[in-house]
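**Student:** Based on the hints, put chain Y in the right spot on chain E.
Chains as they are written, first to last, in this note's numbering: chain E, 1 to 626; chain Y, 1 to 72.
These are calculated hints, taken from the structure and not from any lab test. Only a predicted model underlies this, so the values are computations on that prediction, with no experimental measurement involved. Some clues are possibly wrong.
Sample of chain E residues with no beta-carbon within 12 Å of chain Y, all distances over it, derived [stated by the list, open to error]:
no.	residue
1	165
2	298
3	326
4	338
5	340
6	559
7	594
Anything over 10 Å on all C-beta distances counts as not near chain E; from chain Y, calculated [as the list claims (entries may be wrong)]:
no.	residue
8	4
9	8
10	10
11	12
12	18
13	26
14	33
15	50
16	70
So, partial list: chain E residues that the calculated Cβ filter (under 7 Å) puts toward chain Y [unchecked claim]:
no.	residue
17	279
18	337
19	440
20	531
21	541
22	576
23	589
Where a beta carbon is used, it is the ideal one built from N, C-alpha and C, also for glycine.
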Amino acid sequence: MILAMARVRILGPRERLPAVLEQLQDLGLMHLAAPHDLPLLEPVTRSTREERLRHHLSSALEDCATATRLLGATAVGPAAPGMVLPALVHQLRRIRRQAEQLVARVQRLEEEQALLARYEAVFHAFEPLLATQPRWASGRAYHVVLRAGQRESVEKLRAELTALLGPAFEIRSHPLPAEETAVLLLVPEHAAARVEQLLAAGRVSEVSLPAGFAGQTLAQAMPAMLERMRQLPGELSRARREQAELRRRTEPLLRQGSRHCRDRLAVLEARDLSRVTTHAFVLEGWLPADTRPKLRLALDRRFGAEVVLEELGQDEWTAEDAPVVLRNPRLFRPFELLVSLLPLPRYGSIDPTPFMAVFFPMFFGLMMGDVGYALVLLGGGVLLRRRHPEAGWQRSLAEILVACAVFSGLFGLCFGELFGDLGRRWFGLHALWFDREEAVVPFLILAVSLGAVHMLLGLVIGAVNAYHAHRRQAIGRGLTAIMLVLVIVALLASVEVLPRPLLTPVTIVILVSFPLLVVVEGIVAPVEFLSTLGRVLSYSRIMALGTASVMLAVVANRMAGAFGSVLIGVLFALLFHLVNFALGVMSPMIHALRLHYVEFFGNFYSPGGVAYRPFGHWTPPPSRPA
Amino acid sequence: MSFWIPLAAALAVGLPALATAWAQSRIGPAGAAALAEKPELTTTVIIMVAIPETMVVLGFVVAVLIMLRGGA
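Only chain E is shown next, with the shape it has when bound in the complex (with noise of 0.2 Å):
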């Protein structure tokens, strides 16, 4: 349910406001407004002071979260009371401006050692060719790689070289990793130029340097490179330690800071929402209507008669503007979780998250309906739950498959289904209700009738919904909801379900109703009424979804004897099983989904609600799923 909100007003000397702010904060629990405009009310100047100390409050935090995020500390944490602006703020900055140096030092240190790392194989390759240079001491020496595939280019340029220089060189290959050569080429200076016009015809490149070693050749840059490759480990390890150390110190402060610095911004961002005369103050805003007395005896108790509190009455506020609060009793409030996935409900609106209890998992287990599948999903659920003890959307959503696991085992049953036809085969288990491959028709009959109850509670609460707002809107979805009654019977009546007299006098109830729901809503009411009959024969996935699942799971089964082998036949079995069971799990849950989203909340879900945010003090933000 949306919980009852109240509007409440401040009232005190002007001096007391940012003592009155900080009960406030203490206090959590006021959704703060602007306050309607009344005369000689006016907004609170912000002196150059305010400013500055804003601009100091809003790089300290831009500081703490860079440092934070640089440091990969942990940014929740308790806050610290007493804690002095100007030195934070000064500390936050030294704190990043260490942890962007030590960042890039790290980055820096790892990119070079990525860089050298690439040279490795060429250097183990080059290393016993180059025992070979020394004896060429007045030539030229060039180191090549061969890529894959160019091998035999050796052999080649080896052909090519004696054509143009006779004996006068000499070549050495190694082989690298990954097909490539390496080659080191030694010719006399005078014919330097001739061969590297032979090697760029070939298109064929010498090893290019780092950049630190630009101008050396291989062999003069290898031994410092071999060095500093030797060098580079502990120098990372060194840094990765000083960052480590680093997010040691400060982690706590970065915490504490954050905090401290977001909670005196807030207070800065209230103080705007106040409204001044010269001598008081006036404060707006919401707050559940049951939290009243709590806030009435904290001002009371620090400030006395100092500073009142009043109600506003339901005349002075638009249920838009009110803040929505979502309460439901403890074994609904997991499927709070997905009416989370839309925007808001409105204030004043329906909330419809007791429906989506009730609906959800029954419509999940009508589409799995099979104990053996159940039983694995209940153990899914059950370990999530372990694992996430703490409010969140993960607890939320152990505990919505574990209501789905249990109403998909309660229609296994009904269906007499433990992993498709095997507990009919092993332990004689009986269909309690119907066998669903069997029973198509019935099955179906069952799929439309609970759309048709779902949708006619759905335009029942739409009419209630519109009641006081929207009078002709809601006689419209009344008058709906009886044609699709009155459809239903004339439908049961055809096919002698009722008794068959009753058709006639239904059909021209209709005939008659049809003008009059044009006369309420307009001449889109006609299809409006069609995409109403519509989104009843959309349930029938229901059934769809179902025969499929327990086809799927037959054929899984007798997979186990189709093979020559029993081992291969029940890995088969066992594989198919297991698609199956996720196909059952995803389908179902977006096409139940879908259900409640389009089908359901299409007859009187009133989005656009504002959520409710108490000025208190910062806590991290809920998880949220992707």
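**Tutor:** Just chain Y now, with coordinates in the frame of chain E:
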């Protein structure tokens, strides 16, 4: 059972399946593009992708009815 009954059932589920596939092929990329900018729309996009499945679901129901009425 005549040749035409299974064919009619196959067409009843096959043609809506093609229509669903075509619709989902349009919604899918649009949804993926939306998710790249607003990951919080994941649930909405999943629902959007599931919406055209109504066609194939109803086609399946009709196919089953054709087969049952045809004496399968």
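**Student:** Now look at each hint and say whether the structure bears it out.
**Tutor:** Hints, one by one, checked against the model:
Every beta carbon of chain Y lies more than 12 Å from that of residue 165 (chain E), the smallest distance being close to 59 Å; the non-interface claim holds. Separation of residue 298 (chain E) from chain Y is adequate, the least Cβ-Cβ distance of about 36 Å exceeding the 12 Å criterion. Every CB of chain Y is more than 12 Å from the CB of residue 326 (chain E) (nearest about 17 Å), matching its label as outside the interface. Against the 12 Å criterion, residue 338 (chain E) falls within the reach of chain Y, whose nearest CB is about 9 Å from its own CB.
Not every C-beta of chain Y lies more than 12 Å from that of residue 340 (chain E), the closest at about 10 Å, which undercuts listing it as non-interface. Listed as outside the interface, residue 559 (chain E) is consistent with that label: its C-beta sits roughly 22 Å from the nearest C-beta of chain Y, beyond the 12 Å cut-off. The Cβ of residue 594 (chain E) does not lie farther than 12 Å from every Cβ of chain Y; its closest approach is about 5 Å, which violates its non-interface assignment. Non-interface call for residue 4 (chain Y) relative to chain E: holds, since the shortest CB-CB distance, roughly 21 Å, exceeds 10 Å.
Here residue 8 (chain Y) stays apart from chain E, with its beta-carbon at least about 17 Å from theirs, past the 10 Å limit. Against chain E, the non-interface label of residue 10 (chain Y) holds: every CB pair exceeds 10 Å, the least being about 16 Å. The claim that residue 12 (chain Y) is not at the interface with chain E holds, since no C-beta of that chain comes within 10 Å of its own (minimum 12 Å). With a closest Cβ-Cβ approach of about 17 Å to chain E, residue 18 (chain Y) is found to remain outside the 10 Å limit, as its non-interface label requires.
Once the 10 Å rule is applied to beta carbons, residue 26 (chain Y) is consistent with being away from chain E; the minimum gap is 18 Å. Every Cβ of chain E is farther than 10 Å from the Cβ of residue 33 (chain Y); the closest lies at roughly 16 Å, confirming the non-interface assignment. A beta-carbon of chain E comes within 10 Å of the beta-carbon of residue 50 (chain Y); the shortest separation is about 5 Å. Look at residue 70 (chain Y): its CB is around 13 Å from the nearest CB on chain E, clear of 10 Å, so calling it non-interface holds up.
Violation of the interface hint for residue 279 (chain E) is found here, the shortest Cβ-Cβ separation to chain Y being roughly 46 Å, above the 7 Å cut-off. The beta carbon of residue 337 (chain E) is not positioned within 7 Å of any beta carbon in chain Y (closest approach about 10 Å), and the interface hint is therefore violated. For residue 440 (chain E), the interface hint holds, since its Cβ comes within 7 Å of a Cβ in chain Y; the closest pair sits about 5 Å apart. Annotation: interface hint on residue 531 (chain E) violated; nearest CB of chain Y at approximately 12 Å, more than 7 Å.
Using the Cβ-Cβ criterion of 7 Å, the hint placing residue 541 (chain E) at the interface with chain Y is satisfied: the shortest such distance is roughly 4 Å. For the restraint placing residue 576 (chain E) at the interface with chain Y, the shortest Cβ-Cβ distance is roughly 20 Å, beyond the 7 Å limit, so the hint is violated. This hint is violated: residue 589 (chain E) has a C-beta 9 Å from the nearest C-beta of chain Y, more than the 7 Å allowed.
The structure fails to meet hints 4, 5, 7, 15, 17, 18, 20, 22 and 23 from the earlier list, while all remaining hints are met.
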